[in-house]
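Protein chains in written order, with my numbering: chain A, 57 to 538; chain B, 57 to 538; chain C, 57 to 538.
To be clear, the hints were calculated from the coordinates, so they are not data collected in a lab.
Please note that the accuracy of each hint is not assured.
Unchecked claim - DSBU-like cross-link-like pairs, simulated, lysine-lysine; straight-line CA separation at most 35 angstroms: (1) C:522 <-> B:397; (2) C:291 <-> C:397; (3) B:525 <-> B:397; (4) A:155 <-> B:291; (5) A:397 <-> C:155; (6) B:521 <-> B:291; (7) B:397 <-> B:202; (8) B:397 <-> A:291; (9) C:155 <-> C:521; (10) A:522 <-> C:155; (11) B:521 <-> B:202; (12) A:521 <-> C:155; (13) B:402 <-> B:202; (14) C:402 <-> B:155; (15) A:521 <-> A:397; (16) C:397 <-> C:202; (17) A:397 <-> C:397; (18) C:522 <-> B:155; (19) A:397 <-> A:202; (20) C:155 <-> A:525; (21) A:291 <-> A:397; (22) B:155 <-> C:291; (23) B:397 <-> A:397; (24) C:402 <-> C:202; (25) B:291 <-> B:155; (26) B:155 <-> A:155; (27) B:202 <-> A:155; (28) B:397 <-> B:155; (29) C:155 <-> C:202; (30) A:402 <-> A:522; (31) A:155 <-> B:522; (32) C:155 <-> A:402; (33) B:155 <-> C:525; (34) B:155 <-> C:202.
Given next are the chains, with one letter for each unit.
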Amino acid sequence: MTRPLILDPDRLFPADPGTRAIARALYADIAALPIVSPHGHTDPTWFAYDAPWDNATDLLLAPDHYLYRMLFSQGIPLDALGVPDRNGPPATDPRAAWKLFAANQHLFRGTPSRIWLDHVLSVVFGLDVALDADSADTIFDAIGEKLATPAFRPRALFDRFNIELLATTEGAHEDLDHHAAIRASGWNRRVVTTYRPDAVIDPEHQDFATAMARFAALTGEDVYDWRGYLAAHRKRRADFRAAGATATDHGHPTAATANLSAGESERLFRQIVTGNWSPADAELFRAQMLTELAAMSVEDGMVMQIHPGSCRNHNEALHASHGRDKGADIPTRTDYVHALKPLLDKFGNEPRLSIILFTLDESSYARELAPLAGHYPCLKLGPSWWFHDSPEGMRRFREMTTETAGFYNTVGFNDDTRAFLSIPARHDVARRIDCGFLARLVAEHRLADWEAAELAHQLTYGLVKKAYKLDDPAFSPAALAA
Amino acid sequence: MTRPLILDPDRLFPADPGTRAIARALYADIAALPIVSPHGHTDPTWFAYDAPWDNATDLLLAPDHYLYRMLFSQGIPLDALGVPDRNGPPATDPRAAWKLFAANQHLFRGTPSRIWLDHVLSVVFGLDVALDADSADTIFDAIGEKLATPAFRPRALFDRFNIELLATTEGAHEDLDHHAAIRASGWNRRVVTTYRPDAVIDPEHQDFATAMARFAALTGEDVYDWRGYLAAHRKRRADFRAAGATATDHGHPTAATANLSAGESERLFRQIVTGNWSPADAELFRAQMLTELAAMSVEDGMVMQIHPGSCRNHNEALHASHGRDKGADIPTRTDYVHALKPLLDKFGNEPRLSIILFTLDESSYARELAPLAGHYPCLKLGPSWWFHDSPEGMRRFREMTTETAGFYNTVGFNDDTRAFLSIPARHDVARRIDCGFLARLVAEHRLADWEAAELAHQLTYGLVKKAYKLDDPAFSPAALAA
Amino acid sequence: MTRPLILDPDRLFPADPGTRAIARALYADIAALPIVSPHGHTDPTWFAYDAPWDNATDLLLAPDHYLYRMLFSQGIPLDALGVPDRNGPPATDPRAAWKLFAANQHLFRGTPSRIWLDHVLSVVFGLDVALDADSADTIFDAIGEKLATPAFRPRALFDRFNIELLATTEGAHEDLDHHAAIRASGWNRRVVTTYRPDAVIDPEHQDFATAMARFAALTGEDVYDWRGYLAAHRKRRADFRAAGATATDHGHPTAATANLSAGESERLFRQIVTGNWSPADAELFRAQMLTELAAMSVEDGMVMQIHPGSCRNHNEALHASHGRDKGADIPTRTDYVHALKPLLDKFGNEPRLSIILFTLDESSYARELAPLAGHYPCLKLGPSWWFHDSPEGMRRFREMTTETAGFYNTVGFNDDTRAFLSIPARHDVARRIDCGFLARLVAEHRLADWEAAELAHQLTYGLVKKAYKLDDPAFSPAALAA
């Protein structure tokens, strides 16, 4: 039996009819605003070469750890879902993988993955039948047919999604050829990069050695010398700014920062590059580097994004067989107050510095992050992130941060996704939840309706452009050329 | 002045009329489902010998630390409430104790104890007057009269409560005679046991020495030798399975697990049994034993329940005078991500292993437990527990776990109670709150109504039977005999 | 364009119409009850000398770190807002500061500061125009004119606010001359003090040395000798009781308590007063002093307030330039279960002891504080505090503490403020949120309407008077004189 797939126009709004009516009116005003996506992980080759995607499994399922981790948790092997292991994609038939996924849709009830997938099927692909075991084949075919048409190429979807800006993330050790290809192609949409130097900062990163070698090759600096290493960062930051970057991105295990003297830093660096370090040295080096990078941001104006607290690759056997980013990263308790102090002691009141903080530990929202952002001029709060990029997660974020940090110390929504087709869905969820939250404040007479309307616009469009300096003349091509 | 005791049919449903109507419909469908109680602490002698209970105080008040701790917190001595101390029950008149309890009912406003007691008085005893100082005598008498009738014997209530399965908990060092008596009596209801070896695993447990001696006597093994000790566990697990057990239960101070070599384990065990250990050794031994017991579960299929994080017997003077389980256990911050890693490194992807995790630290729901259960095939989440076995506690559990772990990585409701008469009340609260949560998802168009109906059934009946392997042929009498 | 300033009579009540009607009825009953403010930081000179205030900026903005920290977080310098630095007030024109504040009102959307300020402007000053850039001048003038009239002197407002009792806070090293002046003036309202000895207990406090010198001078004791030091505390506690105090107040970095022998305490004290201590010694001394002060409370009956967990003066540069209490105190994770155990081991069951616990770490509400207060006779829970003194903060407090601790282990509302004019606003918010919470319990049939009405009265008026012993005959002038 097939069931209809219907996206209710009131979805995600509060149930109380009075509040819902307010939310609906707020949403109507901002629903069509362009998407600004300043923090994500899409593949720049899509936009550089505009090749068609193959099929539903390869596009939607096999690369999306939000989806396959849930099936894995119920005992379904990743191979059966088409997820690549360290030797590449398994020999699984994409259609069979899709059918297995379809037959287990009940596992996603109550999850944001379900909301996103429904949106992709309904809005992006125009399907009107819910995905389940019965409809799996038909839907697999329908998606495959659409993907073969020009309207479903990356660039066409970029325009259809009304994306004003899309940021990807590249490593300090990676070239920016695909971004250059985008610009060289004459396609004049704004796809920019973000500077993510983790692999050349974290000696515990499995790719540290090779990343350092490429870092050296790309910069021509002696990156095994402390001064050369810092110079290499500066060179690459300039390359990234030339490729549109306005921000850097730092995913450390903790939020630790340090404030070592130049001599201490140099001695520590020597230990790191000679392989003569303990885990505590690695932690201290990462900590010191956040402060060094903050110094560079004071110079060049790039916005820092710090998102600590994930225990990566928790499943040892899966990491051995399948590698990183396979749904086995687990959040941990994260301190900010003591961890950030060394950096803030040095740069906390610097008007040129702007740091956006993310967390996977919601207990820090009201206790640490909102008070910090509600005081320090350099700090802003990123949106509820990863596991908390969800209706309940977003509600908790607003409920626990707004009273202390206000709305204007937050930065709008980030989709943070590799799943390009889900970007409109994700932004739509955020817009609906924010409008619902604002509607409750109006219904409780804590905000006037015109203020809520202004805020809905800010949370959707205004704050993100300001926080990421997207219209900042300092990052204009002319300024960068100067 | 006496006040009527009325249980509103819409109690605990959300206030919004539209959402409430959905909740009411969902609840109507599942309200009459049998009770499956896979984790609790009732006394098996009740069902073995079916003796009548004496009076309201001895049955409802004196053994229930949920109730008397609240009165104690307001300065009322435990003796005055009939609570036994280390020398046995005090000389307090049960009627006087009941009147003191009745006169302080206001203390329970807003607590789940109030909801459960109202249900017991109204539904189980058929009373229509609220308990207070004025009605105390009448209610004491009414309960006493009823308890003297056959309809209020344990087995009659078991049937009236529509209990399909009830699990008790026995120690590894305790005999299973009462369970044998139940089966020998020809009463063919399903009362099963659960293997709880804490007292022979935790050298800091006050009964460790005597428990070990009984463990030896019951198994005929040299339990002071590492191999004999493990063999004794295996023997007793077989005994417990023969008495219906499908699960084990582990209440350690923390969730720490370890992964020592055989040699290290043996050396540590020798320290433990020779009394030559530090608190850190005790912690390491408990940690290693969770991994050893996981290995046994891989062999015999028994489901592990791990519920760490209670600081037992916090009130030193009360512990000295009254002993354990007197309402003075206080939850503590609990880590799971690092604590469970050694065990998960070894067995995390084992299809035969099933571990149900509980917590007293709600900050771990969204941060640690849901991501772990949403990834590892062997992990499931137990319901909100103990202090969080309450309407708000259950709501927070669903709000903070569902988006990441889904519903199908949870295991339905556990009443975890010694208070037999409150079992229907406790399950009813869970059913109502779950239906209310599902109703909100339907009202917000995050779930179709037919999906919510399916889920209401799963959360009430389906998931618990699967998670605890209650219909698993491997645990059938025939299989066990083989 | 000016906008009207309207306080909706239903503000802060739940949006659901049925629940709102219940809340409205509960609130109507208690809205006019007198204000009892047992914990705050107003300036006693106001009531001693009844001098008029100068202008809106000096009264409302420059001393209120809730307000200026938010502006500072957006890059506005404190000088421009009239905030004094270590050299005194800046040369900023108060009107210019006010206009800058007015032009940035959008920053306060969704914050309690906004609610309080609207209330002050509307109810206290009778203004009907919202504060913004356009209305700033007019409002500054209107406030200035009113402040020059007798009706806006401190004592007149005290009466108009219907304050039954107001507690200030003085240090152990401070004289009580202003309180004496209040009594000597014949103005017979109840303004009392609170004993706050942090500066003579915490060797890490910047004023420790000078505070100890004044402590010696005020008591005539040898405060550098352990016995003299304790005697000085006893003397000053008696002075404070004579000035109306019924409570002490302790704002330590953590909740640590200790239980040293007399000899250990004396040795530690000698280290402290000879400057021969480490941070760990300082922590241990503060910990031991909480236990010593508990012993004194057992003697003299004074209620202890413990509110740990703030990392003071986090912004080093701002502390250097502007000093303490400038909006740069940031909460930290706080343990209670292990921290309080030494004190509770000694005095936990003492009927004479009463301790009110506060927290800045909401994760401790359900996990630690409610279970502790729901067991120990000496423990009660203070209201949601500081950053959590807000609508959402209060809701979370009730949702996370009530089910385990009940209502009767809480102590009503504390405004904890230096901002005298905001006191009615703050109490009004608490009353509305409590009525809204109770209304939800009634709407969900978890509480009868008459019980909710009784509770609304208790939460507003009854519990605070009992918890702070405000009507306790032991603290009557006659008893103190005896």
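Can you list which hints this structure breaks, lowest number first? 1, 4, 7, 8, 9, 13, 16, 19, 22, 24, 25, 26, 27, 28 and 34
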